[in-house]
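Asker: Residue numbers (the numbering used here), protein chains in the order written: chain W, 1 to 430; chain P, 1001 to 1430; chain X, 2001 to 2430; chain B, 3001 to 3430.
Treat the hints with care, as some may be off.
What the hints assert, rightly or not - No farther apart than 16 Å at their CA atoms in a straight line, the calculated lysine to aspartate or glutamate pairs in the EDC-like style are these:
1) Lys-376(W) to Glu-3256(B)
2) Lys-2376(X) to Glu-1256(P)
3) Lys-29(W) to Glu-144(W)
4) Lys-376(W) to Glu-256(W)
5) Lys-1376(P) to Glu-2256(X)
6) Lys-2318(X) to Asp-2139(X)
7) Lys-2195(X) to Asp-2132(X)
8) Lys-2029(X) to Asp-2139(X)
9) Lys-232(W) to Glu-256(W)
10) Lys-1232(P) to Glu-1332(P)
11) Lys-1376(P) to Asp-1147(P)
12) Lys-3376(B) to Glu-256(W)
It is worth saying that the hints were derived from the structure and are not from the lab.
Treat the numbers as computed from the prediction; the structure is a model and nothing was measured.
Protein chains: 4
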Amino acid sequence: MKEIFPRAGGNAFESVDTVSETQRCSALKERYLATRTATETLAEPLSPEDQTIQSMADASPAKWHRAHTTWFFETFLLLPRLPGYTPFDETYHYLFNSYYEALGERHPRPARGMITRPAASDIAIWRTHVDDAMLRLLDDRPEEIGDLVELGIAHEQQHQELLLTDIKHAFSLNPLLPVYVARARKPAANDAAPKQRWHEIAEGVYPIGHDGPGFAFDNEGPRHNVFLNGAKIAMRPVSVGEYMDFIADGGYRRPEFWLADGWDAVRANGWDAPAYWQRGDADPTTFTLHGLLPLREDEPVVHVSGYEAAAYAAWAGKRLPTEAEWEVAAREHASANSREPSLSFHPGPLQHGFTQDVWEWTSSAYSPYPGFRPAKGAVGEYNGKFMVNQMVLRGRSCATPPGHERLTYRNFFAPGARWQFSGFRLAEDL
Amino acid sequence: MKEIFPRAGGNAFESVDTVSETQRCSALKERYLATRTATETLAEPLSPEDQTIQSMADASPAKWHRAHTTWFFETFLLLPRLPGYTPFDETYHYLFNSYYEALGERHPRPARGMITRPAASDIAIWRTHVDDAMLRLLDDRPEEIGDLVELGIAHEQQHQELLLTDIKHAFSLNPLLPVYVARARKPAANDAAPKQRWHEIAEGVYPIGHDGPGFAFDNEGPRHNVFLNGAKIAMRPVSVGEYMDFIADGGYRRPEFWLADGWDAVRANGWDAPAYWQRGDADPTTFTLHGLLPLREDEPVVHVSGYEAAAYAAWAGKRLPTEAEWEVAAREHASANSREPSLSFHPGPLQHGFTQDVWEWTSSAYSPYPGFRPAKGAVGEYNGKFMVNQMVLRGRSCATPPGHERLTYRNFFAPGARWQFSGFRLAEDL
Amino acid sequence: MKEIFPRAGGNAFESVDTVSETQRCSALKERYLATRTATETLAEPLSPEDQTIQSMADASPAKWHRAHTTWFFETFLLLPRLPGYTPFDETYHYLFNSYYEALGERHPRPARGMITRPAASDIAIWRTHVDDAMLRLLDDRPEEIGDLVELGIAHEQQHQELLLTDIKHAFSLNPLLPVYVARARKPAANDAAPKQRWHEIAEGVYPIGHDGPGFAFDNEGPRHNVFLNGAKIAMRPVSVGEYMDFIADGGYRRPEFWLADGWDAVRANGWDAPAYWQRGDADPTTFTLHGLLPLREDEPVVHVSGYEAAAYAAWAGKRLPTEAEWEVAAREHASANSREPSLSFHPGPLQHGFTQDVWEWTSSAYSPYPGFRPAKGAVGEYNGKFMVNQMVLRGRSCATPPGHERLTYRNFFAPGARWQFSGFRLAEDL
Amino acid sequence: MKEIFPRAGGNAFESVDTVSETQRCSALKERYLATRTATETLAEPLSPEDQTIQSMADASPAKWHRAHTTWFFETFLLLPRLPGYTPFDETYHYLFNSYYEALGERHPRPARGMITRPAASDIAIWRTHVDDAMLRLLDDRPEEIGDLVELGIAHEQQHQELLLTDIKHAFSLNPLLPVYVARARKPAANDAAPKQRWHEIAEGVYPIGHDGPGFAFDNEGPRHNVFLNGAKIAMRPVSVGEYMDFIADGGYRRPEFWLADGWDAVRANGWDAPAYWQRGDADPTTFTLHGLLPLREDEPVVHVSGYEAAAYAAWAGKRLPTEAEWEVAAREHASANSREPSLSFHPGPLQHGFTQDVWEWTSSAYSPYPGFRPAKGAVGEYNGKFMVNQMVLRGRSCATPPGHERLTYRNFFAPGARWQFSGFRLAEDL
């Protein structure tokens, strides 16, 4: 997807930590535009109808993603910083606030799919209007607003990934199983995934978390020490082939492997395979943004909940890694994480390393790091208030915009969520 | 709305009963086309986004109404009767079946809003395709298929009204309160409604129900005798002004007026006025298909549930009429029912008579008439299987296509429904 | 159950209409005491624990039935009529009001099972206290209060039946399947039910409804004329054996027989047989108040919903009778309705006639008779406010106290209810 | 409550760590009996009705607690270890299993309140039967079974506390507000709580978790190192008086203090104070196991959810401690934790220290310690499978049986739970 996403160049995990503040500022305008353009490119295959619906309370319409990211720049940058800027439309402020309580009443989340007007095309006009103003603002005073613009870009990149996972979910409910974009997949032999290898972590105190330079979300810091016991961590996520063994061994029918809440979810939802799998008499397939594709055993298993990840690990006699173990190991293998993005919105065949095509569930609940304090004001609601009832996922996915990932990145979802590109890798005590 | 709806000419209530079978056949093609065109005209003000969403389980997307009415002609006329006709798209058969169990699996009703594809424009193409084939069919063998085409036309007219009430509900959930179509309302003094008058029904045996000539739904027959006690029935529905007195007298806070299920609904839903009313400090308004309009005391109260109708009647020391009383009285005043449609999708000022702009709740549960038997096959599912847990409404509304109404017409909804153009009139024992 | 229920002597259907007012008054005290005693006898097999729980929102604890019937006499008779009477306990007034809104706030129905105190034994003390006061009141002024005492007796008899059906439902949820009372069932050959016979009703005008003398609920009047088409009505309800044929023919899997709401209920609840049936590999059994009993083909089918009754009728090519047809036919066969009660809380083998052991679903929605007006005040809430969303059942059941039944009796439940002793008979147009 | 609970003597927090294995074994029989007796003493004030009901899905009937703890000894000790022992009643095995999937089908948790039989008195008989057998088993082979008996005792002590919190919840739903036991509360001046003091934790590596001797639950180990940043931790929990300031300052109306899920809970449940508070015009009171008592400002706030604890901390500009901080600080103050139990099932006035009358919410999600592996077999389901979606609480409460507490104890509940005796203390980064 080079044509869609702006690339940072080089290894994303490394580059983010070494780029200078000066370089960051000078590139800001360019990256702003590239990010904004990428969103529109992602929305292009979607009809006005596609962009309007909300397929479940957790998801949002594509149009809403396009609007809400624009709302962010208007609300946090243009209105307070650009002299004379007036809101494009007062009602949009109400309609496209997501969860910022400090900014007043907002449209209820589960009703986002009722907003047929403004039209998808109206949002395009708003986006252009805001972009024009943002360019004026960026010309005038880039330094003072640099951090907020960085945040706005990162925020929009997050919504780019959500736009993709949300429309995938919506399309999956249409019996026609629409294709988002056609993608040629290399005609490859369906080999097994590369043999698992293990990385050893020695017992001791390690620093984790972001410590600059470069942008990071507030939840990635402060950098702090953790004490780790000795452990082994897998060098690649669990594959489709391996996960099929779990299913074949009765994984979804044997409560002994499951967390209690996970077993409840299995029974309540009738789960017997990852989301989007279709298993009839013939070869098993999976619904993807590129249509129905055959399941390949050498791909990482994806669209599993945290419960399924934990159950697989228990079945395998292993466990999930903590987020600290993941970060420490990934840092030691940073140079090996130079994998090309898969040019596809479906995971490619597995390789060794920590830059895979699936977010990876960890065993860590999403909690504040020691010393974490949210920012003052509405921006402070960005991350901190979600630090309960969620698990941390690490890495990146095939739908993550290039350059958005970081070694210290803390993604988070409720353990029952399956509509993200979520897989997992194993760990074990030494 | 003459530009939208084809008119039968003259008094609709009378004309239907007197038109000859020959005239009916010769006019069939013309009415088919006029009806099909009217649907598209009604959908014209709606964007693709507007046409896609489903605002509650009871409602359907506008696109779905356009498609389902087309499905009816393809399923019941073209496939069995037009030699060589093949389905336009096999998947449409599954997607746009409403409730005909005999025709196999169907898309679940509450998920109609997930169908972003086919697009609104695709449905237009399908409609043209089916219309072309229908014209060929009508040229060849009009007599044999006359009843089914009549049913298809009447069916499509019902969905025209539902399209309007459903989009009204959807728009009401959008904080922007979109206007469906702008309509000038005559600048009239807000007079009181005309003074109530009462029609007396003498005790005795009366025939009710349809007995031809002309089309009627199966649930309107067989014509049969009923015994009526002596009664008085109001010559016009209850007005907004009268209903405001009920509210002012604590109507929504006094359980003694309410059916038990009605009182439960009041408390569960927080009802304190008819649907769509907005009562702030200033003059009360109501959301309409023409935007927010001032409430007028001389208009019929509308968008009330059957529970509210019954509670008002108890408060007023009266009762609702039975459907038999309504029909007997309306028949005696048929010549007075020559009112012009209001050229608006909001009720106009009240007049005396039985052709008003609101459907009228009766006290009659929707049950089969003596001797009723549903038709064989899927068409038999049209009415009979809904004959439980619903109340009969009589008359017509401002959104009913002209020519669709009949003295014997039995509309039906669950007593808690408020999104139809539903009002009521009073009755009293002699 | 002669030992439990006081009998009126002779044929209940006839006797009620012919007893004189004088006889009624002189017998009032005796019947009051017999009814009150019968309630306690019915509760005797139940432990304090049994009497406390509420197994679903529709049901009530046995202790609550004992208390609420006492509340009725204290509230409507003792407090307004017996000079110097003070409430036994102020809190009981709040706790044991059922649905009389006019009497102020009341304990929410679904929370009746939370009332562990007062204890079952406390209620016994209250009952004695109220009975003592009632006897004083009856000694003083029987005429003036006769109607209300009659109502209180009839009310308590209704709750006697509910006590039985509610505890049956509660026990059915206990895996131990407790036996309420052991009853010997005559060792009878499992013959088929007696061959069906049909009664013809000639077209014409018939009076129905109660017209004295003797007590009746307000909903049974006023007596009024109805016009009936010619029809045939079965001389006995449908048997277990006949219903098994419906099941064997796929009755629960074929939507063509079902009302739409009924089919929804089948799928939502997984119904595939009447309530309480247990069908394993061996002989089918049913849970009863006498424990698990073999199903007998010559018994009436019981514990079916109105939906199942209607579906069976559609499958059989017949229909359910209206309540008017039922009453007219039953009246003509009144002399044949002299059956002995079955001495059991489970229906006995079928006979011809209209005094069977199951309530019979009709096709009539529960609506007010022409001229019906509820009584003034709280007592007026007894029946009228439930006249929506319910169907009428006629007859009596094996759990109906002897003497409580009447030809004009209108029992009513929502069409999906199955925990009553409800069966049905067929009818057909001539 | 010395008369109910057996005491370990001395400071519970210390003693548990220093008692020898020999002493433990010799005292096992005595402690078994004392624990079993305490359960029955706790149930004594409850009528059969009280013991039967289940007031919400999270709670269980008192009778069930008495039965389930007996089931534990029969299932894990008697059946596998006592030669010739046969189950007292096969059905009890099914009815009183709580969540052990490995032991087969079990009665669904939300239906525990439907089990009126066996009666409360039947459970007493079962308890005696099992106790007799346990004494025989303990005489024969105490060493081999010591750990399981210890677990059974600790398990029963947990259910003693739950029996109290569950019946408190059930009684609170009865408008009569029954008193569980009357308790005289010393007539004390309602002083403010003792002035807050702070304990400093220096940055560094600390061991936490259980490392013997003495019994502990599996989730308290293995002992392992954690790295702590420097922090201050409060020397006593937050008081009622302090919490009232939070309420007065709009705490329940200002979303900025709340976790997102917490704010949702506030709005969904209408929370505006801790559970059981009653705030009318007069002096505020709270419902307790001793009836309605005046709120005292010097008592710890109790019956708050983890969400409320976190919101208060945010309002106060502080945070909750992690469980590691709590344990490290409590260990350093172990000698100061010699407080007498309050002889009451309601918290007494606050003192400094870590042995208070309320469980204390921490900021730590309930996760496995490094190296944790559940035991093999059904006993392994005791703790591990709940390690998701819960928060850790530390300390003990006024309802915790003396001797049951430990410095390393990890209690856990979902963050929205309020029916436990749950309060919290504050912490702060250095």
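Asker: Take the hints in turn and mark each one as holding or not.
Answerer: For each hint, the structure was consulted:
no.	hint	result
1	Lys-376(W) to Glu-3256(B)	10 Å, holds
2	Lys-2376(X) to Glu-1256(P)	10 Å, holds
3	Lys-29(W) to Glu-144(W)	14 Å, holds
4	Lys-376(W) to Glu-256(W)	45 Å, violated
5	Lys-1376(P) to Glu-2256(X)	10 Å, holds
6	Lys-2318(X) to Asp-2139(X)	54 Å, violated
7	Lys-2195(X) to Asp-2132(X)	52 Å, violated
8	Lys-2029(X) to Asp-2139(X)	8 Å, holds
9	Lys-232(W) to Glu-256(W)	24 Å, violated
10	Lys-1232(P) to Glu-1332(P)	13 Å, holds
11	Lys-1376(P) to Asp-1147(P)	14 Å, holds
12	Lys-3376(B) to Glu-256(W)	10 Å, holds
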